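Quick note, the sequences are listed as chains Y and E, same order.
The numbering of the first sequence is our numbering, which starts it at 124 and goes up by one.
The numbering of the second sequence is our numbering, which starts it at 9 and goes up by one.
Please keep in mind that the hints were generated in silico from the structure rather than gathered at the bench.
Keep in mind that a hint or two might mislead.
To be verified - Some residues of chain E that are not near chain Y, with every Cβ distance over 10 Å (derived): (1) Pro12; (2) Ala23; (3) Leu27; (4) Gly63; (5) Pro75; (6) Ser88; (7) Pro96; (8) Ser105; (9) Ile109; (10) Val125; (11) Glu128; (12) Glu138.
Unchecked claim - Computed cross-link-like contacts, DMTMM-like style, restricted to lysine to aspartate or glutamate with a CA-CA straight-line distance of at most 25 Å: (13) E:Lys87 / Y:Asp134; (14) Y:Lys249 / Y:Glu291; (15) E:Lys52 / Y:Glu138; (16) Y:Lys273 / E:Asp89.
Since the model is a prediction, treat every value here as computed from it, not as a measurement.
Positions of the beta carbon are idealized from the N, C-alpha and C atoms, including for glycine.
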Amino acid sequence: MSPLRLCLIDDDPAELALTQELLRQAIPDVDIHIECDARLALQACENQAFDCLIIDYNMPFLDGLTCAQELRGAFPYLPIVLSTSFGDEVLAANALTSGVTDYIPKSRMTLESLRRAVEHAVRVTKQARIIDEQREELENFAYALAHDFKQPIRQIRTFATLITEAIEGGRSSDTLNHLAFMNGAAKRLADLVDVMSQYTLLGKAPTFEAISVNRVLDGVRASLAPYLEERCGRIVVSPAPSILGNDAMMTQVAQNIIVNGLKYNKSEAPTVIVTSYVDGDRCVMKFEDNGIGIESRYIEDIFKPLTRLHNSSEYTGSGLGLTLARKAVLAQNGEIWCESEPGKGSAFLVSLPLPPAQHANSEETEERGVAPLTT
Amino acid sequence: MAVPIKVLLVEDNEADAFLTQETLEAGKLHVQIATAVDGVIAIKHLREAVDSPDGLPDLVLLDLNLPRLDGREVLKTIKSDPALRHIPVVMLTSSDSERDIVKSYQLGANCYVTKPVGLESFRAIVNSIEEFWFTVVRLP
């Protein structure tokens, strides 16, 4: 685990030294950067990413509160703790509405109070960031979904009217075509409703347990058996470690990635090869396909809701499979990314935590110079 | 025979492209419709049309959410290209979101039309596009 990176800003050398010493005792693994002038704080934060800023209020040239307000504008998710002298508590309380995450009176600065202030600031800021990201994600999803719901609803009504007119007018040559369009629109609606309910379920707090990746992949292979037969496809799986995750979510991740790999594929034998390796306290799964590949400029877009890189007559799809996969991975404290080249297939990498016992085991075996165990 | 009005319809959904095309062709004016199923194909079509004997379209009907290159990027490309920017672009989309409307006009759309739910309303909208834009286009 990397040390906590703190930036300490105070013009008084004695206060600076005292606070620095307290921080080193309060937080075992810490890197402290010091500035004596608040005017240099912005540059310092631009040069280096800090986990938390501790800034004195009473400083010449630029006071700590004004500095905190400027920093908040540039770094909305930087935890900032304002340290105040006795008598400034009222001002400090107002500072909480002005961009400061927490404050600590110098008169009450102890090892414990300093540690708690820093931890609280980091935790609160992290939660605020998560809430903002989730809200933005939900807004984007709702916007995309609303648009995509309107289209099939409109088409069903329009083609129903066309068919009615044709029947009333004694013309039927285009009726079958119109009915096919209606059917397609209704199917699209049904797919969107399914996806919406899956998305909603992913928003609930999951329970985590040690999951056998191989068991999950065997289940996915079994559920996709008809599709594999239809496409002459294959799923090849190497032995994999267990992960700490949620069974239903992991199944959805694997299924959505594998289906994508088989669908966007012009090969006579669409294949997805799944391999895994241990990286520290994580298991990284690699899903490699021999599909059509993705241009680099779209690599980030593929995880956005309802983003499609191909028109629906070429490849059908909700445009939400990878969005849901990403949401499920993030909900399990994981990461997902894609490496791809047009014409050369894609590799989706999913990194998830190892169960604690397995992580301890892998650390021990690495220390002994032995390759990590896989189950 | 009257010279046909050339329309480039940029629409990825087959059903919507069919409906729009049928409605345009059933209108009063003689139209010649080319379709592009995504933004990349649309821009390619326009760039090739610059030097072709048939010339550029008289009007572009542009959907917003397209694969590969979405409608906003297509619009931006058209309106920033000296050879293309004079072509009227009418956004024809399911979206009635204010941010889409504002953004489209900011990018230079000449008109923004939300596809209505009912067929009669859709016909009325397409006919009004024909009457206004094709007449304007044809003014000396």
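Structure-based check of all given hints:
no. : hint                : verdict
1   : Pro12               : holds (23 Å)
2   : Ala23               : violated (4 Å)
3   : Leu27               : violated (6 Å)
4   : Gly63               : holds (26 Å)
5   : Pro75               : violated (4 Å)
6   : Ser88               : holds (18 Å)
7   : Pro96               : holds (24 Å)
8   : Ser105              : violated (6 Å)
9   : Ile109              : holds (13 Å)
10  : Val125              : violated (5 Å)
11  : Glu128              : violated (8 Å)
12  : Glu138              : holds (18 Å)
13  : E:Lys87 / Y:Asp134  : violated (54 Å)
14  : Y:Lys249 / Y:Glu291 : violated (63 Å)
15  : E:Lys52 / Y:Glu138  : violated (66 Å)
16  : Y:Lys273 / E:Asp89  : violated (33 Å)
Hint compliance for this structure: hints 2, 3, 5, 8, 10, 11, 13, 14, 15 and 16 are not met, and every other hint is.
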